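Put chain B on the given structure of chain A with help from the hints.
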Amino acid sequence: MPASNPAENTTEVFVPMGKWAVAQAPTLIRTLLGSCVGVVLYDRVSRWGSVAHIVLPDSRGDAKLPGKYADTAIPAMLQDLDRALGRRSVPRLCAKLVGGASMFQSTSAAMNIGKQNHDAVERILAELGIPIIARDLGGEAGRRLTLDTASGIVSIRVPGGADHEI
Amino acid sequence: MNDSSLSDMQIRLLATIFERGAAAGSPALSRWIGRPVRMSVSSVELVELGELSGRLGPDDATVAVCSMSFAGRLDGMVLLVFHGDSGLALVDLLLRRPEGTTVEWSELERSAACETANIVGCAYLNALAAHLPRGSGESVETLIPSPPHFRHEFAGSLLEFALMEQALVLERVLLIESRFEAEGTKLDLTLLFAPSAEGLDALARLDPRDIGTI
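Note that the protein sequences, when read in sequence, are chains A and B. According to this note's numbering, the stretch in the first sequence is residues 600 to 765, in order. According to this note's numbering, the stretch in the second sequence is residues 524 to 737, in order.
What the hints contain is simulated information worked out from the structure, not anything from laboratory work.
Facing chain A, a subset of chain B residues (Cβ under 10 Å, in silico):
1) E571
2) D583
3) M687
Keep in mind the model is a prediction, meaning the values are calculated, not measured. Idealized CB from N, CA, C, for every residue including glycine.
Chain B extracted, bound-state conformation:
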């Protein structure tokens, strides 16, 4: 496999699929948070390894992150990254606390963040599963996520961990980023979708002709 395995058309197709996932996930996330939230795909692109630096903000900034692996026809990682104090602000919203109340990540706060990642991640995975190529006689594909796992990590290290499987076989890695806007609150979150190298092979079998049908 090389870095030309995804054509421009396939990248456009992926962007369209993920925009559908964002559209499906926005109402679910809005209900969860209790105010209108809009998720949108900000970037679907192949990035040189050496250009990854700074993609999640300063490399040595510590971020909170909830990670979920997924398996099925396609495998890889979904990561919901909380920049700065955004994760704590989100927890205030979820727990109906005045903004600025939450100042540390205890078990309750981590659980709330992980449930948010679960809602957002599953919306994307369901949208993707609905458009994966199927073998003859197969019904709708399912992608099975793991329970989310919370941790703190350097932004630069996190990208490296998430994209290592792709880096094994590619000179450029596929980076899919989503951003979030919430009415009245700054939600500085990034969702990263990082398929494994094998997962990229599956994505490369997406038929660009489908772009007009989804």
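Looking at chain A on its own, in the form it has when it is part of the complex:
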């Protein structure tokens, strides 16, 4: 649900787990990440951007929750951006990747899901020809991601830490 920030006339949109959002400046798009990977797509000419909160790498044909999987979320983001721009969005897009942490020590393969998500997103974006211009991935802590659609800057905060930008 978008929330207006009257002080700066900026709208904020929060992206829940397994969802995505598309918005134009002046909008801040936020999400909270743990093992999931946040995919940021941005067109700096039109200042439209999109953030997806991807949970798993592969839908295996399950189309019910497109935002949950890398192979369905990224096409869904592009479809929404194409519609918003009224043309094919891919040629002017660049990408940033955030998240994919592993909090708990475990032998379970599921605990490597952050790496699997990362690998899947890298492969899909490469196939689409969308350049990845920055990454902030791995580690053991969650991240708060904020895309400022006015600038394309992605601010990242970890618990107890200061913001840094990519």
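Structure of chain B alone, referenced to chain A:
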């Protein structure tokens, strides 16, 4: 496995089992803290991934948390989440300090929080172990917890970490929450029980007919 693997009856059964765990854990926690504390199960439900946001308060609020993994017939995570200053207030109680004395998490304070998580987590695990289905010839099941681990984390990220294994195979995840009431002190704590996907399979074998016998 799909999100219908736990029936309403099984969820009721789980709630009953955890209420037993809360009943068993309350006196232990009261002795530990030195005043009456009541633990209660506030929620046992299947939640859509997209609906998890805000379940532990504001997603970007930093919370202190003690996490324990457990293994055995059932595996997963137990997390004791300290909201706001509640963890520090709890430490004041434990260390017999005037309320408001503790203002940061040093090694002693972290250790006190982890011991609290150990007491509470083991009460739930013991109650659950007593009701897990057994193979022929098996004695009472045991669930073996790891030592608690303290950290700070964003509330939203914490839920994601804890429930990721379930999210691998489920559209909805099982969320079991408990709350705490202490006489004369606000204890804003949440206990999260997050079985793995395999652990959920084990829970799905709980026999709803047992609901009348426990």
